[in-house]
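K.L.:
So the chains spell out like this:
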Amino acid sequence: MTNVEVSSVAKTYGRTPVLADISTDFTEGSFTSLLGPSGSGKTTLLRIIAGFITPDSGKVAIGGQDVTETPVWARNIGMVFQSYALFPHMTVAENVAFGLARRGIRGAEARQQVDRALEMVRLPGFGDRKPKQLSGGQQQRVALARAMVIKPSVLLLDEPLSALDRRLRQEMQVELLRIQRETGLTTIFVTHDQEEALTLSDKVAILDRGRIVQIGAPAEVYERPKTRFAAQFLGDSNFLNGTIANGGVRLADGTLVRCHGPLSSTGNSATLAVRPEKMSILPAGTSPEAGLNALAARIETVIYAGPALTYVLVTPDGTSLKLFAQNRDGTVLASGTDVTLAWSPDHTIAVED
Amino acid sequence: MIGLARFYLAAILVFLYLPIVVMMAMGFNESSLYELPFHFSTKWYVALAGNDQLISAGINSIVIAVITAVVSTILGTMASVALARRTFKGKTLLQLMLLPPIAIPWLITGTAMLVFFFWTGIGRGMHALLIGHVALAIPYVVLVVGTGFQTIRADLEEAAMSLGSTPIHAFFSVTLPLLAPSILGAALFAFAVSLDQFVISYFLATPGFTTLPVQIYSAIRKGFTPEINAISTILLIGSMAAILVFAIFARPGGVSDKR
Numbered sequence: 001m002t003n004v005e006v007s008s009v010a011k012t013y014g015r016t017p018v019l020a021d022i023s024t025d026f027t028e029g030s031f032t033s034l035l036g037p038s039g040s041g042k043t044t045l046l047r048i049i050a051g052f053i054t055p056d057s058g059k060v061a062i063g064g065q066d067v068t069e070t071p072v073w074a075r076n077i078g079m080v081f082q083s084y085a086l087f088p089h090m091t092v093a094e095n096v097a098f099g100l101a102r103r104g105i106r107g108a109e110a111r112q113q114v115d116r117a118l119e120m121v122r123l124p125g126f127g128d129r130k131p132k133q134l135s136g137g138q139q140q141r142v143a144l145a146r147a148m149v150i151k152p153s154v155l156l157l158d159e160p161l162s163a164l165d166r167r168l169r170q171e172m173q174v175e176l177l178r179i180q181r182e183t184g185l186t187t188i189f190v191t192h193d194q195e196e197a198l199t200l201s202d203k204v205a206i207l208d209r210g211r212i213v214q215i216g217a218p219a220e221v222y223e224r225p226k227t228r229f230a231a232q233f234l235g236d237s238n239f240l241n242g243t244i245a246n247g248g249v250r251l252a253d254g255t256l257v258r259c260h261g262p263l264s265s266t267g268n269s270a271t272l273a274v275r276p277e278k279m280s281i282l283p284a285g286t287s288p289e290a291g292l293n294a295l296a297a298r299i300e301t302v303i304y305a306g307p308a309l310t311y312v313l314v315t316p317d318g319t320s321l322k323l324f325a326q327n328r329d330g331t332v333l334a335s336g337t338d339v340t341l342a343w344s345p346d347h348t349i350a351v352e353d
Numbered sequence: 354m355i356g357l358a359r360f361y362l363a364a365i366l367v368f369l370y371l372p373i374v375v376m377m378a379m380g381f382n383e384s385s386l387y388e389l390p391f392h393f394s395t396k397w398y399v400a401l402a403g404n405d406q407l408i409s410a411g412i413n414s415i416v417i418a419v420i421t422a423v424v425s426t427i428l429g430t431m432a433s434v435a436l437a438r439r440t441f442k443g444k445t446l447l448q449l450m451l452l453p454p455i456a457i458p459w460l461i462t463g464t465a466m467l468v469f470f471f472w473t474g475i476g477r478g479m480h481a482l483l484i485g486h487v488a489l490a491i492p493y494v495v496l497v498v499g500t501g502f503q504t505i506r507a508d509l510e511e512a513a514m515s516l517g518s519t520p521i522h523a524f525f526s527v528t529l530p531l532l533a534p535s536i537l538g539a540a541l542f543a544f545a546v547s548l549d550q551f552v553i554s555y556f557l558a559t560p561g562f563t564t565l566p567v568q569i570y571s572a573i574r575k576g577f578t579p580e581i582n583a584i585s586t587i588l589l590i591g592s593m594a595a596i597l598v599f600a601i602f603a604r605p606g607g608v609s610d611k612r
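For the protein sequence lines, the chains are F and R, in the order given.
Read in the working numbering, the first sequence has 164 at position 164, and its numbers run on one by one without any break.
If you want the working numbering, it's the 1-based position in the second sequence plus 353.
Hints are not guaranteed to be accurate.
To be verified - Listing some non-contacts, in silico: residues in chain F with all C-beta distances to chain R over 12 Å: (1) 2; (2) 23; (3) 28; (4) 30; (5) 127; (6) 175; (7) 236.
What the hints assert, rightly or not - Have a look at the derived ranges for each label pair, beta carbon to beta carbon: (8) 177/F with 599/R: 45 to 51 Å; (9) 529/R with 10/F: 35 to 41 Å; (10) 530/R with 10/F: 36 to 42 Å; (11) 599/R with 59/F: 48 to 54 Å; (12) 193/F with 456/R: 46 to 52 Å; (13) 162/F with 599/R: 37 to 43 Å; (14) 592/R with 71/F: 43 to 49 Å; (15) 530/R with 15/F: 37 to 43 Å; (16) 162/F with 355/R: 40 to 46 Å; (17) 519/R with 324/F: 52 to 58 Å; (18) 592/R with 57/F: 56 to 62 Å; (19) 324/F with 530/R: 52 to 58 Å; (20) 601/R with 177/F: 43 to 49 Å.
Unchecked claim - Which residues of chain F face chain R? A partial, calculated answer using Cβ under 7 Å: (21) 72; (22) 77; (23) 79; (24) 81; (25) 83; (26) 85; (27) 98; (28) 99; (29) 102.
I should point out that these hints are in silico values taken from the structure, not numbers from a laboratory.
Note that this is a predicted model, so its numbers are computed, not measured.
By construction, the Cβ of each residue, glycine as well, lies at the ideal position given by its N, Cα and C atoms.
Chain F with its partners taken away, still in its complex shape (with noise of 0.2 Å):
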């Protein structure tokens, strides 16, 4: 159990940057989500991380070592791969004994060792059989079983789940959560999947084009997104863009939209974010309650999925808005009605362009 400790990782692959200036801490026993688009640099910052890609500049700390010279075999770090790389000429149990051989637990010692990581994983029994046997999530087990046997210090998944089908890969979310916590790894987890990485962590961070964008709670960075990159990945968002005016921002139409904390100097133009399951549906006209942020649209199309509905409006000024309701009183507004949208200030967020 340690923590994991980059600071000032950079990395360019030619002329291209794939880290910029990376630093960031993994504190011990916590489950961080790597979360980002292809291209992002994740899969790089874990392969960094791992060993298996020398930084440029920059250093990685594990438990407050310096390893950043250290190969990735000598690093004793756990790690799951996409597409699990079970070793296919040995059995479950071979697979799993593989890094205790390496580390000199050999016999019975080892088959014990085995044998309990296979009852962690849920797989007591399995281990005289060949991966090609067993399903994909068994294999995602067995690969997890076989990085955890060692006791590394640091557990490294690279997108382990994303081979799954949809409800094979939530079982395995539940197991992978269930271990996590009984082992109190420090877990580092790239994804691409924006509702995984908000169940599983305890810290999502968002990469965008080789740098952190932001990092922190999933419900925090979900709720305060800093820039529009980060709105716009995790989850939808609507934006509203504006000039500073009287401790709001004016939109072109003339309303004043007050927000969340402290905007910039006036006159400067600020873009707002607001979350579209944030906004509810007025009669046109209405004034809402008191101090609560207004603007008139009107609803283009309406996408009935049962328990929810999905509204995409157009204000006067054209901005496209998206809003998501309950479908509470089995009451579905036409398109084409003209309503007041009401929202709190408290929803919306100044972000970075």
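Dock chain R against chain F, hints included.
P.N.:
Same frame as chain F, but now just chain R:
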């Protein structure tokens, strides 16, 4: 349609194997002029036992084929490993240069080797034959082992390294066992290329050191005797046995494993 397809298949097999069966049968026929009716006899095998020239040529062929198989498989496998797993300067060039020799007519390669070996003082004889055969077999080995590599994911070695293997240990404990069927196949290929080789051997053999194909060729020019059928039969059975061994070894944990 199926009937027609079966007929084609049968015809192909007949044209492939019937001449060989006839050749083998005639080695056991008493007549030296391949006359029928067939009279079973082992006299040509007895005669072969006394034909030192054919036997020593046969032994030479096998010795050269075995050494060629071993040396070219080791060198070719090393080249395949480098091409599949490493990045280095001139990799693309090497990759491009390793395969065309397969398409170059042996007559041209043979002439070129003869001229080159004469010019450099390497000359002819066993050592020249060995160099020639190894050079000839390496591209085949690279081709076969390289294809085998494509079925082995690179992240298997990475997984081994994450568990504490050095790159060398990862190669020997994970990649090599998975590659074994391809390597065995490549060795067999190299062995066959060498054993079959006539054109280059013809150029590089000396009167004192010759291989079986060259010896058979000169024997035929003097007159065809069923002794040649006999030694061909022995060689054929040896080759078949080798292929059988390969088929048995290649199956478990074999090439079909992609994960």
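K.L.:
Now tell me, hint by hint, if it's right for this structure.
P.N.:
Verification of the supplied hints:
Every C-beta of chain R lies more than 12 Å from that of residue 2/F, the closest at about 16 Å, which supports listing it as non-interface. For residue 23/F, the requirement that its beta carbon stay farther than 12 Å from each beta carbon of chain R is met, with the minimum near 24 Å. For residue 28/F, the requirement that its beta carbon stay farther than 12 Å from each beta carbon of chain R is met, with the minimum near 20 Å. At roughly 20 Å from the closest C-beta of chain R, the C-beta of residue 30/F stays outside 12 Å, upholding its exclusion from the interface.
With a least beta-carbon separation of about 17 Å from chain R, residue 127/F lies farther than 12 Å from that chain, consistent with its non-interface assignment. Even its closest Cβ contact with chain R, about 20 Å, leaves residue 175/F beyond 12 Å, as expected for a residue assigned away from the interface. With a cut of 12 Å on Cβ distances, residue 236/F stays outside the contact zone with chain R, its closest approach being about 34 Å. A hinted range of 45 to 51 Å holds for the C-beta pair residue 177/F and residue 599/R, which are about 49 Å apart.
One distance hint, 35 to 41 Å for the beta-carbon pair residue 529/R and residue 10/F, holds here, with the actual separation near 36 Å. For residue 530/R and residue 10/F, the Cβ-Cβ distance of about 39 Å falls inside the hinted range of 36 to 42 Å, so the restraint holds. Restraint check, residue 599/R to residue 59/F: a C-beta distance of roughly 52 Å satisfies the suggested window 48 to 54 Å. A C-beta distance of roughly 48 Å is found between residue 193/F and residue 456/R, which places it inside the suggested range of 46 to 52 Å.
Look at residue 162/F against residue 599/R: about 38 Å separates their beta carbons, and that is inside 37 to 43 Å. The given range of 43 to 49 Å is respected by residue 592/R and residue 71/F, whose C-beta atoms sit roughly 46 Å from each other. Taking the beta carbon of each, residue 530/R and residue 15/F are about 40 Å apart, inside 37 to 43 Å as hinted. Range check, residue 162/F to residue 355/R: Cβ separation about 45 Å, and the 40 to 46 Å hint holds.
Roughly 53 Å separates the CB atoms of residue 519/R and residue 324/F, a value that falls within the hinted 52 to 58 Å. Range check, residue 592/R to residue 57/F: Cβ separation about 59 Å, and the 56 to 62 Å hint holds. Distance hint for residue 324/F and residue 530/R: a CB-CB separation of about 54 Å, consistent with the stated range 52 to 58 Å. Checked against the given bound of 43 to 49 Å, the beta carbons of residue 601/R and residue 177/F, roughly 47 Å apart, stay inside it.
At a threshold of 7 Å, the smallest CB-CB gap from residue 72/F to chain R is about 5 Å, leaving the interface hint in force. Of the supplied interface hints, the one on residue 77/F holds, with its beta-carbon coming within about 6 Å of a beta-carbon of chain R, less than 7 Å. Annotation: interface hint on residue 79/F holds; nearest CB of chain R at approximately 4 Å, less than 7 Å. With 7 Å as the threshold, the beta carbon of residue 81/F comes within range of chain R, its nearest partner Cβ sitting at about 5 Å, so the hint holds.
The closest approach between the C-beta of residue 83/F and any C-beta of chain R is roughly 6 Å, which is under the 7 Å cut-off, so the hint is satisfied. Restraint check, residue 85/F versus chain R: the minimum CB separation of about 4 Å is within 7 Å; hint holds. Restraint check, residue 98/F versus chain R: the minimum CB separation of about 5 Å is within 7 Å; hint holds. Look at residue 99/F: its Cβ gets to within about 4 Å of chain R, closer than 7 Å, so that hint holds up.
A hinted interface residue such as residue 102/F counts as satisfied when its beta carbon comes closer than 7 Å to some beta carbon of chain R; here the least separation is about 3 Å, so the hint holds.
The earlier numbered hints are all upheld by this structure, with none contradicted.
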